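Residue numbers (the numbering used here), protein chains in the order written: chain A, 1 to 238; chain B, 1 to 238.
Possibly wrong hints are sitting among the right ones.
A few chain B residues that don't get close to chain A, going by computed Cβ distances all over 12 Å [claimed, not checked]: (1) ARG5; (2) SER56; (3) GLN109; (4) PRO120; (5) GLY161; (6) PRO186; (7) ARG206; (8) ARG211; (9) PRO212.
The calculated label-pair distances, taken between Cβ atoms and stated as ranges, are [said to hold, decoys possible]: (10) A:SER195 x B:ASN188: 51 to 59 Å; (11) B:ALA170 x A:PRO201: 39 to 47 Å; (12) B:GLU166 x A:ALA187: 35 to 43 Å; (13) A:LEU200 x B:ASP143: 29 to 37 Å; (14) B:GLN103 x A:PRO120: 49 to 57 Å; (15) A:GLY42 x B:ASP130: 37 to 45 Å; (16) A:LEU200 x B:ASP23: 29 to 37 Å.
Short, incomplete list of chain A residues facing chain B, as computed with Cβ under 7 Å [unchecked claim]: (17) GLY6; (18) ASP8; (19) ARG35; (20) ALA53; (21) SER56; (22) PRO57; (23) ALA81; (24) GLY83; (25) VAL85; (26) ARG91; (27) VAL92; (28) VAL93; (29) ILE95; (30) ALA119; (31) VAL123.
Don't read these hints as lab results, they were simulated from the structure. None of these values were measured; they are calculated from a predicted model. Glycine included, each C-beta is placed from N, C-alpha and C at the ideal position.
There are 2 protein chains.
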Amino acid sequence: MTQTRGIDVAVSTVILTLRRTEDGAAVLALPLVLRTREPFAGQWALPGGWLTAVESPVDAAARTLAETTGLTPSYLEQLYAFGAVDRSPTRVVSIVYWALLRQDDVDAQSAAHRASGRAPENVRWFDLDDLPPLAFDHRAIIDYALWRLRNKVGYSRVAHGFLPAEFTLADLREAYEAILGRQLDPANFRRQVESSGTLLPTDRFRTGSHRPARLYRYNTDVELADHGPLGPDETSTR
Amino acid sequence: MTQTRGIDVAVSTVILTLRRTEDGAAVLALPLVLRTREPFAGQWALPGGWLTAVESPVDAAARTLAETTGLTPSYLEQLYAFGAVDRSPTRVVSIVYWALLRQDDVDAQSAAHRASGRAPENVRWFDLDDLPPLAFDHRAIIDYALWRLRNKVGYSRVAHGFLPAEFTLADLREAYEAILGRQLDPANFRRQVESSGTLLPTDRFRTGSHRPARLYRYNTDVELADHGPLGPDETSTR
Chain A
1 MTQTRGIDVA VSTVILTLRR TEDGAAVLAL PLVLRTREPF AGQWALPGGW
51 LTAVESPVDA AARTLAETTG LTPSYLEQLY AFGAVDRSPT RVVSIVYWAL
101 LRQDDVDAQS AAHRASGRAP ENVRWFDLDD LPPLAFDHRA IIDYALWRLR
151 NKVGYSRVAH GFLPAEFTLA DLREAYEAIL GRQLDPANFR RQVESSGTLL
201 PTDRFRTGSH RPARLYRYNT DVELADHGPL GPDETSTR
Chain B
1 MTQTRGIDVA VSTVILTLRR TEDGAAVLAL PLVLRTREPF AGQWALPGGW
51 LTAVESPVDA AARTLAETTG LTPSYLEQLY AFGAVDRSPT RVVSIVYWAL
101 LRQDDVDAQS AAHRASGRAP ENVRWFDLDD LPPLAFDHRA IIDYALWRLR
151 NKVGYSRVAH GFLPAEFTLA DLREAYEAIL GRQLDPANFR RQVESSGTLL
201 PTDRFRTGSH RPARLYRYNT DVELADHGPL GPDETSTR
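Hey, can you work out the whole structure from these sequences and the hints?
Take a look at the structure:
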């Protein structure tokens, strides 16, 4: 068998946020880039680019994400390395990263990127339930990211990635509902999170058009997920 | 920044089994290959090789594993793609897979490999708590695999990979103890697994020098972990 040395390695990033639609619902959304070159010119793809010789994959993912979208998540987690022989017209292995971003951070970082004059015009946000046709196997990659996210909400504080430091139980339930794609019973949800020990009530309330709702924060004494023994070269976006 | 096209991509595999030592304890063990070429000639490394143009990474991992060790696990799970710039004297991205194998399968497959006359002589099994100095970042990769395994026993039937179809609660506890690296209280362990609904008692018992111990099997109605929506090109070793 040919000892191929030298395979094209790409990086791509799935950045998810929880967007509020005009009718008040919370939906998952992500940025896509309209491809201007073949293959798949005129189709939408995940933000990304080639891995260079002088960068780790996570650094390359962070760089290409920042160049296209202006987004700089504090942490990128490796999702999977996709390498099926026929996933691209030429042989490409794609190392894919993912992260969750709060909508207000997305808004602030996107605005700064536009103000810099370096923001490309071919980037747009799409709701996850209303995606256009996608280049390569990027649709399957997004489906896999969503599957991982749905699995993760059960055993980590992953939904926190969408929420500010303090939030109401309704905010948290809404994040879970958007991730899981189904309604949750408010009373059951409250019972489960209160018995889990992962939330701490604050003495602050959100007031507004509804009756005041208590604000909670995550109990950081309960370590639900960590990044493991991977060193900073593999995980840090610096 | 240089648009590097063509990076050396390697595959490696962490194959873990539960080995019984001469004093009767169960310990995790894995096969390593003594390197005969630079870099790191004379040091031990994970079984693996280069990704070729005509194979998916999982196929390349399965092929190189079979060539060196004769082992053919039914399923290889992708562990991580390691890509720090300084992890090798030349730039190499390694896509690492892992699997658990039962000791009797290891014995049978290793014997068949030796009988074939194609088994290399530079392969040896090591207990995980007694590893030699390792080439590249392979020590860190093994530590990461162990960390993932320890995390996984909590939310999947992963320990089952070490056990036959029917096993005693003591067998299962011993597998957990070897993975977690600590003793578990037998009565607490029994209570937890019995209340989890993941085990079904059979009407068979193991007899021997101790009092008869009931045999259990996994309740396959309880889906604790699946491979998600990844297609066969990404996961199957065929």
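Hint-by-hint comparison with the structure:
no., hint, result
1, ARG5, "5 Å, violated"
2, SER56, "5 Å, violated"
3, GLN109, "22 Å, holds"
4, PRO120, "17 Å, holds"
5, GLY161, "19 Å, holds"
6, PRO186, "26 Å, holds"
7, ARG206, "33 Å, holds"
8, ARG211, "37 Å, holds"
9, PRO212, "37 Å, holds"
10, A:SER195 x B:ASN188: 51 to 59 Å, "21 Å, violated"
11, B:ALA170 x A:PRO201: 39 to 47 Å, "43 Å, holds"
12, B:GLU166 x A:ALA187: 35 to 43 Å, "42 Å, holds"
13, A:LEU200 x B:ASP143: 29 to 37 Å, "33 Å, holds"
14, B:GLN103 x A:PRO120: 49 to 57 Å, "55 Å, holds"
15, A:GLY42 x B:ASP130: 37 to 45 Å, "58 Å, violated"
16, A:LEU200 x B:ASP23: 29 to 37 Å, "47 Å, violated"
17, GLY6, "3 Å, holds"
18, ASP8, "5 Å, holds"
19, ARG35, "16 Å, violated"
20, ALA53, "4 Å, holds"
21, SER56, "5 Å, holds"
22, PRO57, "4 Å, holds"
23, ALA81, "4 Å, holds"
24, GLY83, "4 Å, holds"
25, VAL85, "6 Å, holds"
26, ARG91, "5 Å, holds"
27, VAL92, "10 Å, violated"
28, VAL93, "6 Å, holds"
29, ILE95, "5 Å, holds"
30, ALA119, "19 Å, violated"
31, VAL123, "20 Å, violated"
Consistency note: the structure conflicts with the earlier hints numbered 1, 2, 10, 15, 16, 19, 27, 30 and 31.
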